[in-house]
Amino acid sequence: MRMLSSFMITSNQISALLSYLRSLGALSLQLRKQGLVVTTKEDGSPVSNADKIINEKVANFVKDMFPTFGVISEELDNTWKDINWFVDPINGTKAYIKGKNENWNMLLGLVKENTPVFGIIYYPYSNKFQIGGTTMRPIEIGNDGSNHELQIFRNLKTKNMLLCPSGNWYTVWEKEFGNNSEYELIKSETLGLWEDPRISIAKNKVNLLLNKNWGAWGTWDIAAGHAILSAAGGVTADFLGNDIDYYSGETMLLSGFSSADSMGRIKKLPWYGMNKEEYVEKYEICGFSS
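Residue numbers (my numbering): 38 to 327.
Rather than coming from a laboratory, the hints here were simulated on the basis of the structure. Worth double-checking, as some hints may not be accurate.
[As the list claims (entries may be wrong)] Label-pair distances were calculated between CB atoms; the ranges are:
| no. | residue 1 | residue 2 | range |
| --- | --- | --- | --- |
| 1 | K70 | G215 | 36 to 46 Å |
| 2 | N205 | G286 | 23 to 33 Å |
| 3 | V317 | M102 | 17 to 27 Å |
| 4 | G182 | E139 | 17 to 27 Å |
| 5 | K212 | L55 | 23 to 33 Å |
| 6 | N164 | V317 | 36 to 46 Å |
| 7 | G136 | N279 | 33 to 43 Å |
Quick caveat: nothing in here was measured; it's all calculated off a predicted structure. No residue lacks a Cβ here, since even glycine has one placed at the ideal position from N, Cα and C.
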């Protein structure tokens, strides 16, 4: 692996992070096997003892390795610095708790000057990584240690292949684009083994992801995938096409998000250039839980 930046993170540090995440992945599976303690947060979403244990461990690990960096996370008090790690210890807590599928992962994204510059996505059940950043080519590391590069082959003349991560999202976008021949709705279950939606774009399986569920997602949910997708040649913005403000002090994505193989594709969305109030007035947001 190449060094990301001499003053930020080295290849040895990246290797240490991957090794530690592997150990936490094994711990997460062990804790689930032992039986989880699940409580409900103020927003109604579940949280397990594993979320809290792993969050604390990974936060302490990166604080020790990068003492000048801050750590922003859903389950801990945030410490803001000029450069910050955005941590989601278990992304997909509901799936993790149920154990009926493996639609969950661990996310670690590094943001500098409001730009995601490095990301790690780890899937404990399959022992697979996706990593990459501004000066490190994005790669996927398989269970056997093999790796291959993630690179977008963009073609703006192709149809908009819009990923629908759930049945709810399919219903929403079918109402919006069902009669538009320029859009093809892709159900996530047709893409094979579940993975971060931004990685599906980096692998050229789809070329567009949209989420207008204002305030339901955190910056820790997308920072890692944002960094990796950018390194692969793609883009991530808010739902209306503006830059995401990771340093606003508001950790929830109040303007949603969108990802694509290029900014040109996002600019072709019918609401591009509107502000939130204009969008609400014209399109009438549907309230639902994705």
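Hints and how they fare:
1. For the hinted restraint 36 to 46 Å between K70 and G215, the CB-CB distance of approximately 43 Å keeps it satisfied.
2. For the pair N205 and G286, the supplied restraint of 23 to 33 Å holds, since their beta-carbon distance comes to about 30 Å.
3. Roughly 43 Å separates the CB atoms of V317 and M102, a value that falls outside the hinted 17 to 27 Å.
4. Our hint of 17 to 27 Å for G182 and E139 holds, since their Cβ atoms are close to 20 Å apart.
5. Checked against the hint of 23 to 33 Å, the C-beta distance between K212 and L55 comes to roughly 42 Å, which is inconsistent with it.
6. About 43 Å separates the C-beta atoms of N164 and V317, a value consistent with the hinted range of 36 to 46 Å.
7. Taking the beta carbon of each, G136 and N279 are about 38 Å apart, inside 33 to 43 Å as hinted.
Checked against the numbered hints above, the structure breaks hints 3, 5 and satisfies the rest.
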